[in-house]
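Undergrad: Listed below are the residues making up each chain.
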Amino acid sequence: MSGAPPLHPDRLFAANERERDVARELYQTVKDLPIISPHGHTDPQWFAEDVRFADPAALLIKPDHYLIRLLYSRGVSLERLGLEPIDGRAGRDVEQDSRAVWRAFAENYHLFRGTPSRLWFDHALMSVFDIHERLAPGNADQLYDQIDAQLDTQPFRPRALFDRFNIEFLATTEDPLDDLRHHDAISRSNWNGKVTTTYRPDNVTNPETPDFMAHIRRLGELTGEHTETWQGYLTAHRKRRAYFIDRGATATDHGHPTPVTSDLSDVECEALYAKAIAGSLSAQEAELFRGQTMTEMAAMSIDDGLVMQIHPGVYRNHNAALFSRFGRDKGGDLPVKTDFIHALKPLLDKFGNDPRLSIILFTLDETTYARELAPLAGHYPCLTLGPPWWFHDSAEGMLRYKRQIFETAGFYNTAGFNDDTRAFLSIPARHDVARRMDCRHLAELVCDHRLDEDEAFELAGELANGLVRRAYRLDRSAP
Amino acid sequence: MSGAPPLHPDRLFAANERERDVARELYQTVKDLPIISPHGHTDPQWFAEDVRFADPAALLIKPDHYLIRLLYSRGVSLERLGLEPIDGRAGRDVEQDSRAVWRAFAENYHLFRGTPSRLWFDHALMSVFDIHERLAPGNADQLYDQIDAQLDTQPFRPRALFDRFNIEFLATTEDPLDDLRHHDAISRSNWNGKVTTTYRPDNVTNPETPDFMAHIRRLGELTGEHTETWQGYLTAHRKRRAYFIDRGATATDHGHPTPVTSDLSDVECEALYAKAIAGSLSAQEAELFRGQTMTEMAAMSIDDGLVMQIHPGVYRNHNAALFSRFGRDKGGDLPVKTDFIHALKPLLDKFGNDPRLSIILFTLDETTYARELAPLAGHYPCLTLGPPWWFHDSAEGMLRYKRQIFETAGFYNTAGFNDDTRAFLSIPARHDVARRMDCRHLAELVCDHRLDEDEAFELAGELANGLVRRAYRLDRSAP
Amino acid sequence: MSGAPPLHPDRLFAANERERDVARELYQTVKDLPIISPHGHTDPQWFAEDVRFADPAALLIKPDHYLIRLLYSRGVSLERLGLEPIDGRAGRDVEQDSRAVWRAFAENYHLFRGTPSRLWFDHALMSVFDIHERLAPGNADQLYDQIDAQLDTQPFRPRALFDRFNIEFLATTEDPLDDLRHHDAISRSNWNGKVTTTYRPDNVTNPETPDFMAHIRRLGELTGEHTETWQGYLTAHRKRRAYFIDRGATATDHGHPTPVTSDLSDVECEALYAKAIAGSLSAQEAELFRGQTMTEMAAMSIDDGLVMQIHPGVYRNHNAALFSRFGRDKGGDLPVKTDFIHALKPLLDKFGNDPRLSIILFTLDETTYARELAPLAGHYPCLTLGPPWWFHDSAEGMLRYKRQIFETAGFYNTAGFNDDTRAFLSIPARHDVARRMDCRHLAELVCDHRLDEDEAFELAGELANGLVRRAYRLDRSAP
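Residue numbers (my numbering), protein chains in the order written: chain A, 1 to 479; chain B, 1001 to 1479; chain C, 2001 to 2479.
Here chain A stands alone, though its shape is the one from the complex (with noise of 0.2 Å):
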């Protein structure tokens, strides 16, 4: 096994030999296109700061909840894999040695068989590191060597791996209550990278987030506004956008439990942010005040531009154990059934017709695909989809997301790809593999004769970079 290449430069493309052949063709004319991130977790302190990456469990495995979740499902334990307990009963069981990390790692690296992980990881081995074998127990110390020793070296500091990886723009994510001091560092800084956040309002705008009262305050002190009235709160979102847009944001992003959106009057507004504020709203009135924070965060991106992104339907840390132990993003969120047709219906007959109005909807519930979304998107001036999301970021979730999207919405009502990931070194991974698909999806439609080979090669460039471009108005971020 050690000696062989463990990517091949074909992988991800058909078997059939005609197919091939145009995936290939089209894929020489993408694969070098800069990637364009517009929607991702990374750490801007990273590129802020720009310092060494501590060690290759902590950059690789133990922030990826991917890795993370499937060697917990086959019994490793978190404190095996040196996570830190947050509920204070310290763990001298906490694995502190990042080599043996690295080992129960390799150990169970057959896990991920067939999963996109580990094509990811391959990739970051092979692209950023030469590594050209496969990790095993019997290579994990040399391999854990070789990542060490090249961490050490200016080439692989933050900003230079986002150089190298070829990185046009990069959105990270932050909360309104954010003072955005690395971005404001990266702008101070004499580094080019082009790295901007994201309007997450999420902690102020769902009154079932712990501490949201406390939030509320803040945003109140930070925009100098009365937000213990509605209009308060109102205006201080706008400052904060504000302050976001002139940091390079062009986009906002809602992960509320559902799409539900809400269109009611003001008085009506007014009692139930009295009830949110004074923490009494019920599990309904919560749902109904999350859909109405929705429908005023569409009426501010008509007046500033930003574009709305919709991440619904996740079960938040439904492992309440894990959870209350380890805290957020360890592998305990499940993807719950999705309805958009009447979520969305309050929004959009408001402002659903307004060309001002760009929307970019996800989902985990790939039944939404042809049933909701396509049919949505395909009619709804407002409405863009953007790509297969966390667990359907793979080679047949983008096969599923292709064939049930395209033939109703078109090509031209999505908005391309974007990561998504915390796990900074996955990133050309992932574009990666999007583009392969996108060709081998391509190639598929002009080897049936159901695409000319001309609109092929247009299309492939447009999913790599032309509709992410024009769906997140890149064009408008301030420097």
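Take the hints with a grain of salt, since some may be wrong.
[To be verified] With a cut-off of at most 30 Å between alpha-carbon atoms, the simulated DSSO-like pairs for lysine-lysine come out as follows: (1) Lys1031/B to Lys345/A; (2) Lys1194/B to Lys1031/B; (3) Lys1194/B to Lys345/A; (4) Lys1345/B to Lys2337/C; (5) Lys1337/B to Lys2345/C; (6) Lys2194/C to Lys330/A; (7) Lys2062/C to Lys62/A; (8) Lys62/A to Lys2350/C.
[What the hints assert, rightly or not] Cβ pair distances, simulated, as ranges: (9) Ala2320/C to Asp1475/B: 30 to 40 Å; (10) Gly1327/B to Pro2085/C: 33 to 43 Å; (11) Asp2304/C to Lys275/A: 19 to 29 Å.
Note that these hints are calculated values from the structure, not bench results. Note that the coordinates shown come from a computational prediction; the quantities given were computed from them, not determined experimentally. By construction, the Cβ of each residue, glycine as well, lies at the ideal position given by its N, Cα and C atoms.
Mind docking chains B and C on chain A? Use the hints.
TA: Relative to the frame of chain A, chains B and C by itself:
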């Protein structure tokens, strides 16, 4: 690009050469079979009066809600497409020049890449107008002129096209209040084309239809029945069904929001009907009423032999503003989640084992294919499955249907293809796509050795003609 | 047709030659591995008494609900298939001649084109009876005679077939009131076949089962426990589980209408149980009660090591008239929408992180594969996913499962294959289909370069034997 035929003779067949060879051979045996179109929405007036189609845009673009909705979704206004508002605010901005509408379409033809509309449109250009190049801004005027000139000639009149298309049977869809004068005119003419009707009583079975009570009164006038009573209402249905049967109808069609059925006592029916004609039903009672009419229609079908078609699960006119300005069928119809297992039980409990009853089920919720529809049709003698419908009448939609339906329901519990179209020129294209996809799928089974070749040839013919003839009882159609 | 073998050696492999080559090589390594059948519904009496199977129709047609339902759906009455009514209206019309039943089946054999039943039936004819032609009206009598003659001989007795099929382990399914006399007889015999049982307590955990209270009383008699109390009821379960474990059981099985679980206090449990045995539970309380028994079963599994299987989401006996005339398992069982995320949470909150617990989940609602089941199994240590079940135990069903499950859950959170059949002769066929589809899918991953070839060979063996052995803890089975 121009010069090259846009439609390849092997289009839609798999890229794999072995599968393609088998598909080609199968296709040769079905491509010239007559078209049977047992369900659709073409205008019988065309065939009754046989006058020239007005112009290329009026024929090919304006009435096609597939085209309208996708253009609208990318910012092309309905006014620019020449659609007249119905809200009294007569539009000075409404494009009156059909050539300008055609140009707007040509400018946006790239939006249709990968959609079935693209395949249908190219097919109409090629097979009807002998145009072998792709529509584009550069050739828009020239193609407009070519088409318009041909429309002037006798071979492009509706009846001549009907004959050229080799249509053996075509059913339009009318409501019970229609006098079917166009069908009568066709019958009285010396033309031999078989154009019948379908009994679609939604406007007198759905109490939430606008002007429901006026329809009920009109139903009474037409039949001489006291439609203010439940029994009179039922008798009126029976008389109108007989009227439709006299004009060749073999089927009814039902497009309620859900497939709910009910089985109430006479006393309950009478009370519910009294509230219906008083306009005082709650939403839940309206659903119950619609459900009861389904069961009554089934009872009548057992007597008079009309096949029932059920097309449920559409949220009609979702875009309120567009609907109020332009009326129905402008793209704001969206699929919703549908349940068949519980919804059909009252009707099935009553009539599900009656060999005289035949019901053809359709869905826009593909999640029901493998979970509900195939198991239902694979058990109940009265149930047959209609082809993939509307948004799913596409290459990928057909593959999903075939792969999810046939393993559980077999081929013989399905009803062949129907085009369900108001776009007359798309009829040959749609049937051609269906036959190609049939052959592609059968070739796949032959090459996987899941089906013997002789069986595949037999099934190709069944899928093109045999199943639909039997499912719609075409041998019973009055002359 | 006749003369040609109906089953091709490459059947079910992809048409693409490269994939087929890899699939063939993989298949060579697994085709002769022993069959492990950890879940099914064969009759232990066959192996206890080892008497001649009555005749071809009684062996191959009458007990197979897959065949019965599809024949019935196309108008073949159950009477014509020789099924005896149970409603007391003894049928003069019930076919008594097994040869006539066989002929009726042969006349309708075309109905099974494209279904898995067709593959299984052809496989049984070929591999068990050495018949290499397709059943048809013309050869029905001849094939009947060939089969019937062979059934007369020793090699076609149940035990001889079991040995010939190379079955290493077979578990039947019994309820807690079963005395397992047939299993005891097998143990006492000089035959070495491993036939164990599975603890399926639905008839004492589902208070909506007919005769529930009689079952509870009988449970008390068998165990000497006061089953009129909640604690006595639980102890009785523990005793019967031990009884089953003594006879080799390694698993329980649960077929409630939904996967709902509950976690009530002792006081609540006692009150609910009192209402259950008084027969006064509401539908909602019955659901709560079933949910509580699931959590109790999990607690007992933690103690005694039995693996829990959950088979939820079936609407049993949907066809009321047919059920009342012929009883259960006649094709009127239909899948319904299923939710796992909320339903399992009470049980998972209590035991989801306990390494001693193992739960195997099944579904008939494929929409839950990618949305719920793969994310659940890819996180919770106690959860494993069973193979595609019932209607989805088919070539296409397996591909859908593999493509939706493995990317998120990996291979190692799945439980291999089980046949779940009451049709003894279909066991080798079903396992062969599963192994072929495993190899087809692995070959696809290898040719797409998503998996290395050495890994594919290892996984083929895991999917055929390794995963199922570990998932069902077969090393713990009592002798």
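Undergrad: If a hint holds in the structure, say so; if it does not, say that too.
TA: Each hint, compared with the structure:
Of the pairs offered as hints, the one joining Lys1031/B and Lys345/A is violated, with about 44 Å between alpha carbons and a cut-off of 30 Å exceeded. A C-alpha spacing of about 21 Å is found between Lys1194/B and Lys1031/B, which places the hinted pair at or below 30 Å, so the restraint holds. Restraint check for Lys1194/B and Lys345/A: the C-alpha separation of about 43 Å exceeds 30 Å, so the hint is violated. The hinted pair formed by Lys1345/B and Lys2337/C meets the criterion: a straight-line CA distance of about 15 Å does not exceed 30 Å.
Only pairs whose Cα atoms come within 30 Å are accepted, and Lys1337/B paired with Lys2345/C is accepted, the gap being roughly 25 Å. A threshold of 30 Å between alpha carbons decides the hint, and for Lys2194/C with Lys330/A the separation of about 43 Å lies outside it, so the pair is violated. Between Lys2062/C and Lys62/A the CA atoms are separated by roughly 57 Å; this puts the pair beyond 30 Å, and the hint is violated. Restraint check: the Cα-Cα separation between Lys62/A and Lys2350/C comes to about 27 Å, which is no more than 30 Å; the hinted pair holds.
The hinted range of 30 to 40 Å is satisfied by Ala2320/C and Asp1475/B, whose Cβ atoms lie roughly 33 Å apart. Taking the beta carbon of each, Gly1327/B and Pro2085/C are about 56 Å apart, not inside 33 to 43 Å as hinted. Taking the beta carbon of each, Asp2304/C and Lys275/A are about 50 Å apart, not inside 19 to 29 Å as hinted.
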